[in-house]
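The listed protein sequences correspond, in order, to chains D and P. Each residue of the first sequence is one higher than the last, beginning at 1 in the numbering used here. Each residue of the second sequence is one higher than the last, beginning at 1001 in the numbering used here.
None of these hints come from the bench; they were simulated from the model. Don't be surprised by glycine CBs; every beta carbon is placed ideally from N, CA and C. Only true hints are included.
One-sided excerpt, in silico: chain P residues whose CB lies under 10 Å from chain D:
no.	residue
1	Gly1017
2	Ala1041
3	Arg1054
4	Asp1096
No farther apart than 27 Å at their CA atoms in a straight line, the calculated lysine-lysine pairs in the BS3-like style are these:
no.	chain 1	residue 1	chain 2	residue 2
5	D	Lys153	D	Lys33
6	D	Lys151	P	Lys1099
7	P	Lys1099	D	Lys439
8	D	Lys151	D	Lys33
Chain by chain, the residues:
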Amino acid sequence: MHLGNLASLTFFLPELAVTATILLLILVHVAGKSRYSAAPALLSLAGVGAALLLVALQPASPGRLLFEGMVALDGFAIFFKALTALATIVVIFMSMESRDLAGRTQTEYYVFLLSVLLGMFLLAASTDIVMLYLALELVSIPSYLLAGYLKGKESSTEAAMKYVVYGATASGVMIYGFSLLYGLTGTTQMAEIGRALAAGKAPLPVFLAAAMVTVGFGFKIAAVPFHMWSPDVYEGAPTPVTAFLSVGPKAAGFAVLVRFFYTVFASPDAAAGMWKLPPSVDWTLLFGVLSAVTMSVGNLVAINQNNVKRLLAYSSIAHAGYMLMGFVLLTPAGLKAILFYLVVYLFMNLGAFYVVVLVANGTGSEDIADYSGLGRRAPFAAVSLAIFLFALTGIPPFSGFIGKVYLFAEVINRGVYWLAVVAALNSVVSLYYYARIVKVMFLEDPKESAELPVPAFPRAVLSLLAIPTLVLGIYWEPVARVAANSVRLLAF
Amino acid sequence: MGLDKLLVISAALFCCGLYAILTRRNAVAVLMGVELILNAANINFVAFSHYVSRVIGGQIFAVFVIVLAAAEAAVALAIFLRMYATTGTVEIDAADQLKG
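Using the sequences and the hints given, assemble the complete structure.
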């Protein structure tokens, strides 16, 4: 169904809710007396909560094209909107708790955060490369500002500078790739570009354009070799922002990667129940290698890290590698595995970062050495962190295990054995550095014996993140079903 | 002027931009390289819009790219200014606090 501008508005309520919240925040900023009050945080919570509710109420089928074919409303888009909104809510809770951010102007922070959220909503749904570019920049530009939000702290400024330099370059190369695609096909609609390319001519320029577009998307999901920014940015940025970047924009990056490549460089093959490649470009082997290299580099470099945020940065690179495995298979089951993994990853990764925020509030440090004896100083936080880290490793009975089972099963099912072997070896490597933190927390003597107090509210939020991490390892069927349904509606 | 000449110009501009990004150590000069790449893409869009597509989509895309390039430059320059205020330099090599 193709809808005009006015008719589209009724299907655009979540985005409108976020936009209205952003405008309200600016009004609050102008009218408010204190720059440090909690009002902006609560207002953004309400706004994102309303948006999440509106997303949940959106009809997933039949799929609709809104705004003259600019934005899609299908199960895939709704899934990612719900995922990113959920991540934003957790990050708002985390930001309210963070001592780093407490000394900075509150409103602007939430304006940027919600702008990124709006960008992610549009990015997951865009079906036209103009819209895609606009949404990608709406995600990127406020992210640069968020990374440098700790004014006067050298590492934060440095993170912002590296982020903006790498980000601007990546999006510039990507837009040049888009211009080539436009020239080859004469349209900016992704579906039409796909149909024109399926007719199959001029393989070299198509391949060049695909490579250039990959630079832009690879930057967003932090895949090797476009990952160089991420450890520095993750370490320097305020911890809630790091958590946000490692889940939200990464998920949105996967959404746009899948939607773009599965409509432009592949087409749905109803008979086989999967997607098929155009005759001109075969990119699956390239992405398979990219996936293997990404997870290996992420895991191997993580071994030597002494800063928890930096370690989690490399671990999130590795997780992008695992998820890319599902992307190269071109099957609905592979996509479902990615979607399921993203849900699991949201809880375990945000949970790990939440503990990092709480510990940094107490000790003022993010070094692994300062986590020694945390099991005695703050048992609740330490046990939660252990749960999240074991889930990230992917050992049963935690949810990360189920996420990996879905990915591995489909990779083996499709006969890509070498990739499954690489991923299995990587999981073993990752156990080493995750377990090292757990060992420091529980087996080493604390440097200080004073107890680290964890207030009741963070405790509650932490439980809300830890419970899904545990429960999804035992009873995951509903989430898997939602993921499977979100895949089926992707194609138009 | 034909399409091929315009494409050569844009490809040359793209290469100049990439060269500037890779070799310049001053953050502002790197940003200038990025602007060159964006303008190379703009030439492509307008040229293709005129010679290939004959609908206005490509020119609209170019306008969007110009606007977003301005937004990106504003944010980037603000960040560089902040960096100059904290460290006294905008050389990319000087930003070496975070590594490993």
